[in-house]
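In case you want the letters, here they are:
Number of protein chains: 4
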Amino acid sequence: MSRTRIAVLGCGRIGRVHADSVAVSDRAELTWVFDPIEAAAREVGERYGAAWATDVEDVLAAGDVDAVVVASPTPTHVDLLSRAVRTGRTALCEKPIDLDIARVDACRADLGDLTDRVMLGFNRRFDASFAEVRRRVDAGEVGPLEQLTIVSRDPAPPPADYVASSGGLFRDMMIHDLDLARFFLGEVVAVSALGSNLVSAEIRAAGDVDGAMVVLRGAGGQLATITNSRRCAYGYDQRLEAFGALGALTAANQHATSVNFSGAAYTGAAGPALNFFLDRYTPAYRAELDAFVTMTETGGVASPGFDDGRAALLLADAAAESLRTGAVVEVRA
Amino acid sequence: MSRTRIAVLGCGRIGRVHADSVAVSDRAELTWVFDPIEAAAREVGERYGAAWATDVEDVLAAGDVDAVVVASPTPTHVDLLSRAVRTGRTALCEKPIDLDIARVDACRADLGDLTDRVMLGFNRRFDASFAEVRRRVDAGEVGPLEQLTIVSRDPAPPPADYVASSGGLFRDMMIHDLDLARFFLGEVVAVSALGSNLVSAEIRAAGDVDGAMVVLRGAGGQLATITNSRRCAYGYDQRLEAFGALGALTAANQHATSVNFSGAAYTGAAGPALNFFLDRYTPAYRAELDAFVTMTETGGVASPGFDDGRAALLLADAAAESLRTGAVVEVRA
Amino acid sequence: MSRTRIAVLGCGRIGRVHADSVAVSDRAELTWVFDPIEAAAREVGERYGAAWATDVEDVLAAGDVDAVVVASPTPTHVDLLSRAVRTGRTALCEKPIDLDIARVDACRADLGDLTDRVMLGFNRRFDASFAEVRRRVDAGEVGPLEQLTIVSRDPAPPPADYVASSGGLFRDMMIHDLDLARFFLGEVVAVSALGSNLVSAEIRAAGDVDGAMVVLRGAGGQLATITNSRRCAYGYDQRLEAFGALGALTAANQHATSVNFSGAAYTGAAGPALNFFLDRYTPAYRAELDAFVTMTETGGVASPGFDDGRAALLLADAAAESLRTGAVVEVRA
Amino acid sequence: MSRTRIAVLGCGRIGRVHADSVAVSDRAELTWVFDPIEAAAREVGERYGAAWATDVEDVLAAGDVDAVVVASPTPTHVDLLSRAVRTGRTALCEKPIDLDIARVDACRADLGDLTDRVMLGFNRRFDASFAEVRRRVDAGEVGPLEQLTIVSRDPAPPPADYVASSGGLFRDMMIHDLDLARFFLGEVVAVSALGSNLVSAEIRAAGDVDGAMVVLRGAGGQLATITNSRRCAYGYDQRLEAFGALGALTAANQHATSVNFSGAAYTGAAGPALNFFLDRYTPAYRAELDAFVTMTETGGVASPGFDDGRAALLLADAAAESLRTGAVVEVRA
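Chains A, B, C and D, in that order, are what the protein sequence lines are. For our numbering, count along the first sequence from 1 and bump the result up by 553. For our numbering, count along the second sequence from 1 and bump the result up by 553. For our numbering, count along the third sequence from 1 and bump the result up by 553. For our numbering, count along the fourth sequence from 1 and bump the result up by 553.
Wrong hints could be hidden among the right ones.
[Stated by the list, open to error] Distance windows between CB atoms, simulated:
(1) C:Thr629 / B:Pro711: 32 to 38 Å
(2) D:Asp579 / A:Ala818: 38 to 44 Å
(3) C:Gly565 / B:Ser718: 52 to 58 Å
(4) A:Pro712 / B:Asp691: 32 to 38 Å
(5) B:Asp691 / A:Ala709: 48 to 54 Å
(6) D:Gly616 / A:Asp632: 35 to 41 Å
[Said to hold, decoys possible] With the C-beta cut set under 8 Å, the calculated list includes, among others, these residues of chain A facing chain C:
(7) Ala692
(8) Gly693
(9) Gly696
(10) Pro697
(11) Ser719
(12) Tyr787
(13) Ala809
(14) Thr810
(15) Gly816
(16) Ala823
(17) Pro836
(18) Ala840
[Stated by the list, open to error] Stretch by stretch, here's where chain A covers chain D in the computed footprint (C-beta under 8 Å, at least three residues):
(19) 702–716
(20) 743–757
(21) 803–810
In short, the hints are calculated from the structure, not lab data. Glycine included, every Cβ here is placed at the ideal spot set by N, Cα and C.
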């Protein structure tokens, strides 16, 4: 059985995560990597035995590329994913598609049905714990979902220059949680957001918040809260609770080992939560890659797809608007 | 040492809780109980060996009453607490003071400094777990508080006629959580509320919501969420998480025993959470009574006091307004 | 309804625990206390409004005593419980009946059916968690019991003079666990014991061990371990696991509150376990007293009874013999 | 950097585990596999792209073998590991070295210093949780170790024919726990064992026990219990508690996800424990292989080594003797 031949576009932190997922998969093969910075492209290419390029045209023209992972800076996403699907490849695009909903809409109009070939990198849908909660909710274990609680806190704020170009907490960080809310609630029709600046003077100076609490209402009348913070002393705080008439399913934080300590001061102390997304979500990235390979091989419609990326961006925009106006923002998909 | 002589006004469910707290206290003595329904007054009086009356004048005129617990229907609170403090007693008044903030303000203007002698029945402040979290937050364990998460779900909806006169979920149920938020955040300056009707057709018919998620902002910029539901399959869901730069303190649900079961289908299953407020908060009611006795004996200012009751009602009103208008409501104490 | 009139013999630490249980019971009344030390007798009597005596004859001759709690030093147990039941009272006797099995057997022969009126103070059978495990095991939740694990560690070693007269770890401390094993396994037919001296030089000097691990075999072939230590940094370690073909029921340690802390160094840290037997077992002592009152009122056979006290002592003797000889000791009830 | 070239001898269940560990390692390369059954050898060889042989001589004569994993039936271990180290390779030998201590001693005498090149497959030493407990005990977190509790239960009994040739529960199953006890206690000087037959009529018919509880004493006077059962409803029960003057370190069971469920019947229910050794210990097997590669590359002394395998077998024999004689068996290393 032949392996799906994959090119990774962008050799920064997240590009390397994807390259690694491809490397450990027995269904995929890393054939090309691209980065405009030669040192980065060369290093990743050589590590995994893939061809490397500083000109993306070389990759797009190559015969041995079935699928493309778009892990380049956000402003390049629309262009790269468009060219990938136009040249017959599938694309796995990191979130967000773009920071500007108008560009996303234009891309969608432009690509038409080709957007079916674009999978969005909402890796948390592939986290074994979150996916299990979803599966058991779907199976009716808690009855129809009524309330969803998402807590998502990063261990430490990103560098100031990252913040400046990130699109802000809602589009950069909470977009994952907004997608997760949609994963559980289906369409979200209302958003109310409050924000705070208690963590980082730099983030405040950049005009962004570093903490937020958002309430959402789903089309079925369900409610959800999302709590975000750019700092968390005990690691990467990634939890979820799905509540309905029959009970609740909870996904707790995860730890490197199952060891705990009891002593004079306290009992049952586990270690810190897994430190950050590489620790917590490496298996999710691999499962995501596997789903991408399947979608590439079978020719099906990507899920999460382009429209999921668009919908999450709309929610992030709505949250930003709610924060600015102090009003609940109604959202129309 | 002489015991504080206490009269309980109102012999319904909550009046009996207070009568029981007095009975087990070795610092207090139940001397009188009042209820307009003779059977109720007589039963409680006889059970605890206290005089009983169906005319509250008899109690107010009695010489052996140092302090009064106001546990009668809400519309009578203002009148009874006023007469109690005017006749030189202290009053422990069940929440809310009144459903109408105008009446509360009038009462306050009327009583002046006598409001110092009115303690509000926000029993959760006396829950050992919540009080421990507060104490440890004050001691700096998590650093300055940044985010507070309160979950409060009743096991089952109240009877329809109760709902009709309750003042609605915000004034009746969430008022406890709003006070708890103030217990941690200090003053709250903004409220945003979303509600749902997923539990009870009767509650919907009564024009009330049966679920809600509210976001608050404290004067210091801290954020809080409160999640309420009128139904919870696994018991009385009463949890709290206080989060700051140094970590988080969490108060989990409580169980009748420390037993858990592991079998073929699952592992580590504890029993349901304590069923309802009598199970969970009986020790808190006793600690509250003890604080009330101390305040009566020492002549100090009540805490939580009249103004805490007023502030919680203002927040409940703000939440109701936010639900109605879809706007964040700014609150001025 | 009249209350059961109770005399407490012995006003030391454990006598006061029982006096307190009587005081808070609404089914019992403390009428007499006895202690040869006048200060002790007087203090306890005055605290609870009971008559007090330094001559036990005064108590035994009193007309207002229905039941007697024997909480005096171990060497006096046999005499006092015998006189109590011979004068028509029931007796609740602290463990052990005596340190000498020959005296226990003589007492039993002497009293005949009157031993039915002697309840043994194995308070752990009345602990809500252990009792729940027992009830659920009886209900078949784990299938027939196959393996039982008991961990029982004191927070700190007792004073040296206490050790000297205690009868040793097996008869003084483990006797509770041996009874608990019998509570679950029924008869125990074999005992193998290893001991250690890693905690206290004084205990070693007294010829006793300060840690032990014992394996038992029940008549049905089930196995059990008991782990004891005279020191535990994190409080009073009192746990139990009952295992069978269908799973396991576990009773975990208990804590003063449900609070836990997560920070940079660790997560989910609860407080220490409840500190010692007064903290952990006060509700069990009260439930035990209640069962004693019921047995007194109804005239039934005590449970746990005299023969349970004798059987536990036999097992403690067997453990001591196994420790000395290095052989599994077969036990015949 | 060149990879260590490894041959796996034996292509049964455990041989495939090792082949897989080699395959995912970037420090090792699977060059040969051997099994007398051609279908097995071929299948494994082809899956991993290794040469395969039904005659072990082919492997031993091959030039591209640096190290050998002995995963063949127990009676062949001594011969194969001896020939491996005599031909200049290192050997990773599955436990036990042999069921007969006399053969083990003869092999040791025969090989002399070459035993330094033999690593024993006690994979649990490489489990991240157990290794963390060991590391933290060594760091003094609980003070000098005083009591060790090991629980080890298989999900289901092995096939009857496996039992017949297994050497019995102590040499086949508990040998892992006995090694783990040595990993923590150092030398063990006394063993007392009780056994039971409550699980399987076939195991009883084979003259073996299917449950056991063993107490050990270390050279330093520390005590340990090991609890074994051939059946566990809730998965592979693999736990450990290390207790000392300063507290306890506990390694709990592990689960596939961090999800738990709360409903009307119970709360906080996690899924079953990981099902069996492949689920729980795959990371441990990979870490073990990594240590084996390091030892092969650096020429150091294997740890755990031949003498650890011999010592664990001595303890298993001692446990079997204790079960037979009903006496504590003193062990001399």
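Taking the hints in turn, this is what the structure says about them:
no.: 1; hint: C:Thr629 / B:Pro711: 32 to 38 Å; verdict: violated, 57 Å
no.: 2; hint: D:Asp579 / A:Ala818: 38 to 44 Å; verdict: holds, 42 Å
no.: 3; hint: C:Gly565 / B:Ser718: 52 to 58 Å; verdict: holds, 56 Å
no.: 4; hint: A:Pro712 / B:Asp691: 32 to 38 Å; verdict: holds, 34 Å
no.: 5; hint: B:Asp691 / A:Ala709: 48 to 54 Å; verdict: violated, 26 Å
no.: 6; hint: D:Gly616 / A:Asp632: 35 to 41 Å; verdict: violated, 53 Å
no.: 7; hint: Ala692; verdict: violated, 23 Å
no.: 8; hint: Gly693; verdict: violated, 25 Å
no.: 9; hint: Gly696; verdict: violated, 26 Å
no.: 10; hint: Pro697; verdict: violated, 29 Å
no.: 11; hint: Ser719; verdict: violated, 25 Å
no.: 12; hint: Tyr787; verdict: holds, 4 Å
no.: 13; hint: Ala809; verdict: violated, 11 Å
no.: 14; hint: Thr810; verdict: violated, 12 Å
no.: 15; hint: Gly816; verdict: holds, 5 Å
no.: 16; hint: Ala823; verdict: holds, 5 Å
no.: 17; hint: Pro836; verdict: violated, 20 Å
no.: 18; hint: Ala840; verdict: violated, 25 Å
no.: 19; hint: 702–716; verdict: violated (count 0)
no.: 20; hint: 743–757; verdict: violated (count 0)
no.: 21; hint: 803–810; verdict: holds (count 7)
The structure is inconsistent with the numbered hints 1, 5, 6, 7, 8, 9, 10, 11, 13, 14, 17, 18, 19 and 20, although it conforms to all the rest.
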